[in-house]
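If you're matching them up, the sequences are chains A and B in order.
Under this note's numbering, think of the first position of the first sequence as 1, with each following residue one higher.
Under this note's numbering, think of the first position of the second sequence as 1001, with each following residue one higher.
FYI, nobody ran anything at the bench for these hints, they're computed from the structure.
Some hints could be false.
[Stated by the list, open to error] Have a look at the derived ranges for each label pair, beta carbon to beta carbon:
{"#": "1", "chain 1": "B", "residue 1": "E1051", "chain 2": "A", "residue 2": "D59", "range": "53 to 63 Å"}
{"#": "2", "chain 1": "B", "residue 1": "Q1124", "chain 2": "A", "residue 2": "S46", "range": "26 to 36 Å"}
{"#": "3", "chain 1": "A", "residue 1": "C73", "chain 2": "B", "residue 2": "D1064", "range": "29 to 39 Å"}
{"#": "4", "chain 1": "A", "residue 1": "A225", "chain 2": "B", "residue 2": "P1130", "range": "20 to 30 Å"}
{"#": "5", "chain 1": "A", "residue 1": "P38", "chain 2": "B", "residue 2": "S1038", "range": "51 to 61 Å"}
{"#": "6", "chain 1": "B", "residue 1": "Q1134", "chain 2": "A", "residue 2": "G21", "range": "51 to 61 Å"}
{"#": "7", "chain 1": "A", "residue 1": "Q142", "chain 2": "B", "residue 2": "R1039", "range": "34 to 44 Å"}
{"#": "8", "chain 1": "B", "residue 1": "Q1159", "chain 2": "A", "residue 2": "N144", "range": "18 to 28 Å"}
[Stated by the list, open to error] Listing some non-contacts, in silico: residues in chain B with all C-beta distances to chain A over 10 Å:
{"#": "9", "residue": "V1013"}
{"#": "10", "residue": "P1030"}
{"#": "11", "residue": "G1062"}
{"#": "12", "residue": "H1092"}
{"#": "13", "residue": "A1143"}
{"#": "14", "residue": "G1144"}
{"#": "15", "residue": "R1149"}
{"#": "16", "residue": "K1153"}
{"#": "17", "residue": "P1156"}
[As the list claims (entries may be wrong)] Coverage of chain A stretches by chain B, computed from C-beta distances (three or more under 8 Å per stretch; other residues unrestricted):
{"#": "18", "stretch": "66 to 78"}
{"#": "19", "stretch": "159 to 171"}
{"#": "20", "stretch": "183 to 193"}
{"#": "21", "stretch": "210 to 222"}
On a predicted model such as this, the values are computed, not experimentally measured, just so you know.
Glycine residues also receive a C-beta, built at the ideal position from the N, C-alpha and C atoms.
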Amino acid sequence: MQRNRHRRFSFSVWRLPRLAGVIVVASSLLLLASDNRPDRIPSYVSWTPETIAAASAGDAFRGMLLARHCDHCHGAEGFSAVASTPNLVRMDKLAIWKQLEDFRAHKRTSRVMEPISESLSPRDVADVVAYYSKLPVFTDPQDNRSFPQSRPDPAHAGIASRLISFGDGERGIPPCQTCHGPVAYRPGVPSLATQNADYVLNQLEAFASRARANDINEPMRTIAALLTEDERHALAEYYGAGLGLQPGSSK
Amino acid sequence: MNWQKVRTLLITVLLLCLIPATRYYQIDVPLLRFLKGSRQVDPLALHLSGEFVENNLGTEQGPDGSVTVRMIAQQYLFIPHCILVPAGVPVHLRITSADAVHSLTFNGTDYAVKVLPGTISDAQLEFPHPGEYQMPCREFCGAGHYAMRSELKVVPREQFPVLRPEERGNCAAQ
Chain A
1 MQRNRHRRFS
11 FSVWRLPRLA
21 GVIVVASSLL
31 LLASDNRPDR
41 IPSYVSWTPE
51 TIAAASAGDA
61 FRGMLLARHC
71 DHCHGAEGFS
81 AVASTPNLVR
91 MDKLAIWKQL
101 EDFRAHKRTS
111 RVMEPISESL
121 SPRDVADVVA
131 YYSKLPVFTD
141 PQDNRSFPQS
151 RPDPAHAGIA
161 SRLISFGDGE
171 RGIPPCQTCH
181 GPVAYRPGVP
191 SLATQNADYV
201 LNQLEAFASR
211 ARANDINEPM
221 RTIAALLTED
231 ERHALAEYYG
241 AGLGLQPGSS
251 K
Chain B
1001 MNWQKVRTLL
1011 ITVLLLCLIP
1021 ATRYYQIDVP
1031 LLRFLKGSRQ
1041 VDPLALHLSG
1051 EFVENNLGTE
1061 QGPDGSVTVR
1071 MIAQQYLFIP
1081 HCILVPAGVP
1091 VHLRITSADA
1101 VHSLTFNGTD
1111 YAVKVLPGTI
1121 SDAQLEFPHP
1131 GEYQMPCREF
1141 CGAGHYAMRS
1151 ELKVVPREQF
1161 PVLRPEERGN
1171 CAAQ
């Protein structure tokens, strides 16, 4: 009798690990079933004080030496010869840093820039960023630069300046200058004041088609998709002609 | 009834009074926070993990047909820019801000949802009439505030697409 009870007791203890195993397997299956939708992450960058400090800690002199590898395409003075390659001159340091991090993490695709940014160490990135963000705009060009391009026709200029300074409240398009300057800047937003027309147009089209999808919380994908084809051309021409810094008029 | 019993009863009543008191004086009770689920989010990391990653935004349909809408407010956009919901169905809205204080309002209704960075705002809404409503921001949030508005499309219930659990509805999907 005693022995029997003892056996029954030990039998139930032996069942416990098996029971636990069943629970673990069942719950992990449930978790798997509920988690079959992987998160889409646009960029691993988050503008915490630590990130901003890391992106700002570069050595501009070392950056100047490293930037000799970039001259070939981005120009010795930060102005590129080909209008579809971006000018890096006077670009905000956080904006360059974010783009290089996104290329390195393959969050922004570019056949050219992904391998180049992978060859840079995190320290190299911070140094190059420090150099380009301090590079002055030389008025006596040594570069074979394509900036500024010809002025847009008055109709296009009017469309662009209205969008840049006022946006379109009816469609919910905020004014470009409230994020891209000069009215206000936000972390990681590049100034477009010295950017090439072709490059701006390419990026607006890439955002609209979501071929470029590395903007945090989708501001540019949303805005570019709301713009018409004609407005994208007008905006690109306006910025490409170097008019982006002028206070816009309602004309 | 003896004195012991009265004392026990009094202490019990006093202790029970503590529960509404914690609510009234807004005392933080970790256990309650745990039971209700935390409403804290990191406004700088919404895109990295959790409820507000970009492919979780928009309209979600539960297995019982209930509708949940998740949005992010940021200077000067509501994301997603166009929301699609069925008419006459309770809509559970969950929204948080990535930067400043915003206020999501629905023209033609008297709903207004205050949106703060760092916490999730919850609201139960219902739109009986199909149609298109503008959703402007009504809390001054910066230079582009007056252009901050998105759109709400309310469609008759039978026109609302049946969404799979991992699918999120928006105007483009219609």
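- Distance rule for P1030 (chain B), whose beta carbon must clear each one in chain A by more than 10 Å: The assertion about P1030 (chain B) holds, with a minimum of 24 Å to chain A.
- Query: Can we confirm that no CB of chain A comes within 10 Å of the CB of R1149 (chain B)?
  - Reply: R1149 (chain B) is in fact no farther than 10 Å from some Cβ atom of chain A, at 4 Å.
- Per-stretch coverage check for the stretch 66 to 78 of chain A, three Cβ contacts closer than 8 Å to chain B: Violated - the stretch 66 to 78 of chain A has 0 residues with a Cβ nearer than 8 Å to chain B, which falls short of three.
- Do Q142 (chain A) and R1039 (chain B) keep their Cβ atoms within the hinted range of 34 to 44 Å? violated, 57 Å
- Q1134 (chain B) and G21 (chain A), beta-carbon distance inside 51 to 61 Å? For G21 (chain A) against Q1134 (chain B), whose Cβ atoms are near 56 Å apart, the range 51 to 61 Å holds.
- Query: Is the hinted range of 53 to 63 Å satisfied by the C-beta distance from E1051 (chain B) to D59 (chain A)?
  - Reply: Check failed, 40 Å falls outside 53 to 63 Å.
- Whether the CB-CB distance between C73 (chain A) and D1064 (chain B) falls inside 29 to 39 Å: violated, 56 Å
- Message: According to the definition I'm using, a residue is off the interface if its beta carbon is farther than 10 Å from all beta carbons of the partner; does G1144 (chain B) meet that for chain A?
- Response: violated, 4 Å
- Can we trust that H1092 (chain B) is non-interface, i.e. its beta-carbon lies farther than 10 Å from all of chain A? Non-interface label stands for H1092 (chain B): nearest chain A Cβ at 18 Å, farther than 10 Å.
- Does the Cβ pair Q1124 (chain B), S46 (chain A) satisfy 26 to 36 Å? Hint holds: Cβ distance 31 Å, inside 26 to 36 Å.
- Message: Cut-off 8 Å, C-beta pairs, minimum 3 residues; does the coverage of the stretch 210 to 222 of chain A by chain B stand?
- Response: holds (count 5)
- Message: Three residues or more, CB to CB closer than 8 Å: is that satisfied between the stretch 183 to 193 of chain A and chain B?
- Response: It holds, with 3 qualifying residues against the three required.
Comparing the model with each earlier hint shows violations of hints 1, 3, 5, 7, 8, 13, 14, 15, 18; every other hint is respected.
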